[in-house]
Amino acid sequence: MAETAASGPGMPQLDVTTFSNQIFWLVVTMVVLYYVMSRVALPRIAAVLADRRGTITSDIAAAEEYKLKAQQAEEAYHKALADARAEANRIVEAAKLDIQAQLDVQLAKADAEIAAKANESERRIREIRDSAMEMVSEVSKDVTKDILESFGGKADARSVNAAVAARIKAGAAS
Amino acid sequence: MASENGGLVIKPMDQFQVKALFGGDISWYTPTNVTLWMALTVLAATALMVYGARGRALVPSRAQSAAEMTYGFIYKMVEDVAGRDAVRFFPYIFTLFMFVLFANLLGLIPFAFTTTSHIAVTAVLAFTVFFSVTALGFILHGTKFLKLFWVSSAPLPLRPVLALIEVISYFVRPVSHSIRLAGAMMAGHAVAKVFAGFAAALGAAFFLPILAVTALYALELLVAVIQAYVFTILTCVYLKDALHPAH
Chain S
1 MAETAASGPG MPQLDVTTFS NQIFWLVVTM VVLYYVMSRV ALPRIAAVLA DRRGTITSDI
61 AAAEEYKLKA QQAEEAYHKA LADARAEANR IVEAAKLDIQ AQLDVQLAKA DAEIAAKANE
121 SERRIREIRD SAMEMVSEVS KDVTKDILES FGGKADARSV NAAVAARIKA GAAS
Chain E
1 MASENGGLVI KPMDQFQVKA LFGGDISWYT PTNVTLWMAL TVLAATALMV YGARGRALVP
61 SRAQSAAEMT YGFIYKMVED VAGRDAVRFF PYIFTLFMFV LFANLLGLIP FAFTTTSHIA
121 VTAVLAFTVF FSVTALGFIL HGTKFLKLFW VSSAPLPLRP VLALIEVISY FVRPVSHSIR
181 LAGAMMAGHA VAKVFAGFAA ALGAAFFLPI LAVTALYALE LLVAVIQAYV FTILTCVYLK
241 DALHPAH
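Residue numbers (the numbering used here), protein chains in the order written: chain S, 1 to 174; chain E, 1 to 247.
Pulled out of the complex, with its shape left as it was, chain E reads as follows:
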């Protein structure tokens, strides 16, 4: 990169910087672009689920239909993956889905800040799920919850080995859960930024990177929705393990 002579300067990671909205240092309560975009996420989710569904019509409008389909989609996911008795956790899982989905989608707006591209955010979400699910497992089943790691269908000599693997994989869950989402978001946005930088630098051939960015944007739209889906369905899977630990 020829940054020293001012030719090609691409800083793909700058878009992830946390900045104070009104200047000054960043302490824990400073309103930052994180605050702004999380607030917009709440507003967007509220717009769809409350404002969109305000008609309560028997024959729904388009917005109400979209809200109902989202509701039905997540409700069915919770019911199918985690079981009927997991439905009492549906509001929290739905909140998770809406937050991740709208944070991802709003992050695709040019010059937006993607809150879910930060490992601090996704890790808090993932570890909240991890700790609450683990606590729930012990509360519901006591020490029987540990049967989750004891694969009773395997031959006896193999079981301790499998148990070790199961325990390790169990503790890796929140890590993969959070890094998957943040990584997918960060990578896509960084690549888009790099291609955009190429468009500025290439001169006459600018349309090539712009085509690439356009295609990438479509892919990112897909990734945004899929990652929200994956994050939610993994939460359901972990919840199922806590509710029904026996293999």
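The following block holds chain S by itself, in its conformation from the complex:
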């Protein structure tokens, strides 16, 4: 603690003998620092900042351009979609008409076939019925003659035939 005697009771800040030393070194320091800052540090940082600003500006412009392109692509896509939809509708409509026409033709053909078949069937049914009628009168006449003969009567073929035919006619009419 002996060396503190040199400092005395006052403030070292007011020790005028050190002023020239401090001022000299301060001037040296400021000159060096100013040189380093103004020649090296500040231009470099300014360049970096300008560079970044330029990059950001051009990036934003590019992004704007891409956005425009994307919008155009979207519009084209929507247009293509609408076109395709219209085309599909048109094709569906055409197919429907085509199918309807074919269906009509087939229906007419089927109707005609069905009508022909029905006529044919009707004709055959009539034939069968006619022949059946004939056979009924035939069988009736024979049976009638046989019955008359078995009763011992002499069957007059013509009168029996006429009577049976009249009865059958009456039966068919009733």
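Honestly, the hints are just simulated from the structure, not real lab data.
Not one of these hints is a red herring.
Covered, in the sense of this in silico footprint (three residues per stretch, anywhere, with C-beta under 8 Å from a C-beta of chain S), are these stretches of chain E:
| hint | region |
| --- | --- |
| 1 | 19-30 |
| 2 | 39-53 |
| 3 | 88-102 |
| 4 | 120-134 |
Everything numeric in this text was worked out from a predicted model, so none of it was measured.
The beta-carbon is built from N, C-alpha and C at its ideal position, and this holds for glycine as well.
Please arrange chain E on chain S, whose structure you already have, making use of the hints.
Same frame as chain S, now just chain E:
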């Protein structure tokens, strides 16, 4: 203080002593602790602004980001306070800021020497600003620079009085400019030293002054940055007066 029996000896001002690094007397060119800590200040500022920003990256590293933010902060301050045409003085103002900031911050390292706590240093800085700004005002505006002291918006009878006040306040500027910085630095460091001395003397209750020193250190960190900011912004204000003297 019981210094005579060796109990409590606190010498808060010893930390401000200028000492020759290699012994001997101090003449104007002797390398002293002033030299050492100013050199470290230059190195620290260079480390941040040159080494830190060496990548020149589009996406900056942390150090580069800090350097760019410092640059942007001071640039904007000069532009906002002193006007667009003050930007040509930006390198000098930036140098001032870096010197004061790093001198203040390095001074907070224990056992460091705070160059900005010396009135000789801050006065040279302040008077350099004062004289150059005044000279600039006369060079740019001639005698119209004196309108700075003539408050044309005030009533005519008041103007001479105001002019007197303005002139006095103008010449007080460098004094307040320098003493504010040196005083803030010196006071904080001296108080820290006093509390540290208490910690050694109090024995069992040593933690109380240590807590106080810790809190004070945080405050001093704030003061170191704020004083650098204040010194720089006042420089900008004075520069604005020289560039645009009309009220």
